[in-house]
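Enquirer: Sequence:
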Amino acid sequence: MAGSSVSVNDLGRQAYQKILFKDYPSAIEILNKAIRLYPREKELYNNRSLCYYHLQNYNLALQDSQYLYDNYPTYVKSLFRHAQNKFAIKSYREAENLFREVLNRTPDCTEANIYMLELKKIKLIMSSKHDVQQKNYNEQELAKLGREFGVEFYYSDTDEFKEDDVKIKEVTTKKKVKAKKN
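Residue numbers for the sequence shown follow this note's numbering, so the first one is 21 and each next one is one higher.
Accuracy of the hints is not assured; some may be wrong.
Said to hold, decoys possible - Straight-line C-alpha distance at most 25 Å; calculated BS3-like pairs for lysine-lysine:
1) K143 with K164
2) K97 with K38
3) K110 with K53
4) K141 with K164
5) K53 with K42
6) K164 with K140
7) K140 with K110
These are computed hints drawn from the structure, not numbers from a lab. Predicted model only: the values in this text are computed from it and were never measured.
Construct all of the structure, not just a fragment, from the sequences and the given hints.
Expert: Printed below as a string of structure tokens:
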């Protein structure tokens, strides 16, 4: 942009330094300024989405990644970021489709492959839901099943779920069966 005293590269480097030190709010401030000055620079939106993701502000992360997905469909980094954000909000089917698209374009993308493995694990857990609902497992059986799926199943008296919990079934004792990623 003509007349601007700070280049997009300078602002990008400043934001990157903040990201390296996990100072995401400061990085977002810098990226907001950069986006005001250089609204067509896709890397700025991608990096801001990353910051929002790390702050677990998934709505704002998704806004940026959706903007990139809509406006820069060939930009693989934004495709990955959008898939990552969909995964974070547990839109697993959409995340899986997006990660497949990333892997079609860049088959050696380690992070996308890791997410695909996580999605497989989630599918296995969810497919076991029917089996768990049909049988009232005791603690030992739940532990064995959990080892098979690489998760820790446990009973809980609360309806609250931790971030990594997946609700499996309600048992007659009004306890919840939960799964925790290992």
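Enquirer: Hint by hint, where does the structure go against what was stated? Just the numbers, ascending.
Expert: 3
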